[in-house]
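Line order of the protein sequences matches chains V, Y and D. Going left to right, the first sequence walks through residues 6 to 250 as the working numbering numbers them. Going left to right, the second sequence walks through residues 12 to 209 as the working numbering numbers them. Going left to right, the third sequence walks through residues 12 to 209 as the working numbering numbers them.
Think of the hints as simulated: they come from the structure by calculation, not from any bench. Predicted model, so just to flag it, every value in this text is computed and none were measured. The beta carbon of each residue, even a glycine, is placed where N, CA and C say it ideally should be. Certain hints may be false.
To be clear about the criterion: a stretch of chain V counts as covered by chain D if any three or more of its residues have a C-beta under 8 Å from a C-beta of chain D, and this derived list gives those stretches [said to hold, decoys possible]:
(1) 143-155
(2) 197-206
(3) 222-235
With a straight-line cut-off of 20 Å between C-alpha atoms, the simulated SDA-like cross-links for lysine to any residue are [what the hints assert, rightly or not]:
(4) D:Lys152 <-> Y:Gly165
(5) Y:Lys152 <-> V:Val219
(6) D:Lys152 <-> D:Asn117
Part of the chain V face toward chain D, derived, beta carbon under 8 Å [said to hold, decoys possible]:
(7) Phe15
(8) Leu19
(9) Ser65
(10) Ala112
(11) Arg189
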Amino acid sequence: MSYEVVTGSFAGPLDVLCALVESRSIEVSTIRVWEVISLYGKYLSETERTTIKELAEFLSLAARLLLGKVHALLPDREAAVFPEDEDDVPEDLIRALSRYRPYRKAAEVFGERFRARSAFFSRLGADEGPPIYDLGDLYALSRLWWRLLDRKRGGAQGDEEGYEDFAWEGVPMAVPEETQVETRMQEIRDLLDERGEVTLEELLAPVPTKSVLVLCLLALLELSRLGELRMFQKELFDHVTVVAL
Amino acid sequence: MQSFLTALERTVEAILFVASEPVSTAELTETTGSSTASVEAALSSLRCHYEAERHGLTLLALAGGWQMVTSSDLEEVLLRFRDVAGSNRIRLSKAALETLAVIAYNQPVTRSEIEEIRGVRSDRVVETLLGHGLVRVAGRKKGTGTPLLYRTTGRFMELFGLDSIAALPSREELEDELANASETTDGVSAFSAEREGE
Amino acid sequence: MQSFLTALERTVEAILFVASEPVSTAELTETTGSSTASVEAALSSLRCHYEAERHGLTLLALAGGWQMVTSSDLEEVLLRFRDVAGSNRIRLSKAALETLAVIAYNQPVTRSEIEEIRGVRSDRVVETLLGHGLVRVAGRKKGTGTPLLYRTTGRFMELFGLDSIAALPSREELEDELANASETTDGVSAFSAEREGE
Chain V
6 MSYEVVTGSF AGPLDVLCAL VESRSIEVST IRVWEVISLY GKYLSETERT
56 TIKELAEFLS LAARLLLGKV HALLPDREAA VFPEDEDDVP EDLIRALSRY
106 RPYRKAAEVF GERFRARSAF FSRLGADEGP PIYDLGDLYA LSRLWWRLLD
156 RKRGGAQGDE EGYEDFAWEG VPMAVPEETQ VETRMQEIRD LLDERGEVTL
206 EELLAPVPTK SVLVLCLLAL LELSRLGELR MFQKELFDHV TVVAL
Chain Y
12 MQSFLTALER TVEAILFVAS EPVSTAELTE TTGSSTASVE AALSSLRCHY
62 EAERHGLTLL ALAGGWQMVT SSDLEEVLLR FRDVAGSNRI RLSKAALETL
112 AVIAYNQPVT RSEIEEIRGV RSDRVVETLL GHGLVRVAGR KKGTGTPLLY
162 RTTGRFMELF GLDSIAALPS REELEDELAN ASETTDGVSA FSAEREGE
Chain D
12 MQSFLTALER TVEAILFVAS EPVSTAELTE TTGSSTASVE AALSSLRCHY
62 EAERHGLTLL ALAGGWQMVT SSDLEEVLLR FRDVAGSNRI RLSKAALETL
112 AVIAYNQPVT RSEIEEIRGV RSDRVVETLL GHGLVRVAGR KKGTGTPLLY
162 RTTGRFMELF GLDSIAALPS REELEDELAN ASETTDGVSA FSAEREGE
């Protein structure tokens, strides 16, 4: 495995501001919006590889600066606005910059460490084979689940691991079963609130799969156990009526 | 015998160390820029050095070239290390983690439901997870065959830093990145279109 | 200095060779049945041996363990070797390093906390770091919205040559360094003046 640090670009708008201040192009206490915009604009036009992302970040920075100005100019702000510093940088940006600077330094240190470490090579052959995950990697766990679900829903073809294509129908929903029952219970409650009385047929009719049917029955049983509804037949072979209690 | 390695010997040593397969003399000469004779001398001297100084490593001449391996008399302790390392750092295969994910997001769930989602037999991975105390049997499902139901354990929650099962990341949390990416691209195309229009 | 390795030294050497990732002293003592002191002595003596005899290998203290790696001065020749040249390269942008720094110093930390410090959206860069296994999701923050919490991983320490997170310069040290630098450059002093003025 070998490593590489990409340099040359900026890490973000605060990085740009720091770079501008450090190159003495501007002083942080007297940053003027037009100065930043023209300097950064100049930087971007000189850099051939300007990405759209960098432009977007720049626009967001400019917007922040302008927002600061707007706040400062609002008449109900208690800090009096003096004409001479109406073009000054908002206080929060200065605070943001001094909080940010140690991390900018740390990123440099990290880059150096990364480069230094990359000169040492460990054995390559030994860690081949199926990818293994450290226990406790919630991200890996969760990502695997959502990908699995997408594959099933999309009816994807078997992939490199030899999964076979099969119908999605009948596979449980991607939420814990308790939650599903609770959701269905709430739906039934809402329906009963609205109409007072429904037939069992109506409740069970639109179910697409067996598991959803089971879910619906469980929800009904639970509601009736809680004394929230009653189910009865007026006469033999009649519809089962569900009423709220 | 010299007491330290020559520049070529240490280079050959490092190459054989990182190599995933036996390395041919031709490849060593190409990488180091030295002659075949020097490379062969370096290989043999390196092997002698390992032997004389009783290193735990040695060089083997195999069909494809040379390979660095551990001394054969250390087999037993290395097998023990595999056990120790295996029990100390619990690592899961993709299959095991995937199964754990299915159980976590769908509990309580039967093995056949797991298999239906994964599309492969999962009895052994479920055993592994039971063995690690990550999942447990939580009763039987009512119905035909009354199959066992599986749930994750407290240990699972602890290891994954979860307070409750409902705290498992949602699709949105993991995938809003993708949505954002496409938003940005859309914004971008509008932007560049504008620029082109200028 | 003795001219050959002891039984423990050669065993440790062989274990570190097969492990290919950092091995803790505890794992070494458990495998070899030797005391911590002897294992530590063997590790240090092995490293001295490698250096004294100019081996192409060395030992690094990483992520709370020891890893056998090639000497750093052989980087160039190894980059020419097929296995190294053909291996996956991890590319880290400045934004990735910056985000990693914010996570490393504030862990566990939420994405919005990262974004507040960096002053820019960080979802995609966090996703990249997750994908490289440099950070991981470590549960949720209690409170409104219960956002996901991020931490750096052992792999991060391994790839950045760190034995522990404590081995990083402290935030105070970084701030001192910045303050010292500002004494020499006028432009920067603007920062400290502002901060004093608060």
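Now for the hints, and whether the structure bears them out:
1. Counting residues of the segment 143-155 of chain V whose C-beta sits closer than 8 Å to any C-beta of chain D gives 4, which meets the bar of three, so the coverage hint holds.
2. Coverage of the segment 197-206 of chain V by chain D is violated in this model, with 0 residues showing a Cβ closer than 8 Å to a Cβ of that chain against a need of three.
3. For the segment 222-235 of chain V, the stated coverage by chain D is not satisfied: 0 residues place a CB nearer than 8 Å to a CB of that chain, which falls below the threshold of 3.
4. Note on lysine 152 of chain D and glycine 165 of chain Y: the hinted pairing holds, with a Cα-Cα distance of about 19 Å set against a maximum of 20 Å.
5. Distance restraint check for lysine 152 of chain Y and valine 219 of chain V: the Cα-Cα separation of roughly 12 Å lies within the 20 Å cut-off, and the hinted pair is therefore satisfied.
6. For the suggested pair lysine 152 of chain D and asparagine 117 of chain D, the alpha carbons sit about 13 Å apart, so the restraint of at most 20 Å is met.
7. Residue-level restraint check for phenylalanine 15 of chain V holds (minimum Cβ-Cβ distance to chain D is 7 Å; threshold 8 Å).
8. The restraint placing leucine 19 of chain V at the interface with chain D holds, with a minimum CB-CB distance near 4 Å, inside the 8 Å limit.
9. Satisfaction of the interface hint for serine 65 of chain V is found here, the shortest Cβ-Cβ separation to chain D being roughly 7 Å, below the 8 Å cut-off.
10. The interface hint given for alanine 112 of chain V is met, as the beta carbon of that residue sits about 4 Å from the closest beta carbon of chain D, less than 8 Å.
11. Evaluation of the arginine 189 of chain V hint against chain D yields a violated restraint, the C-beta minimum of about 25 Å exceeding 8 Å.
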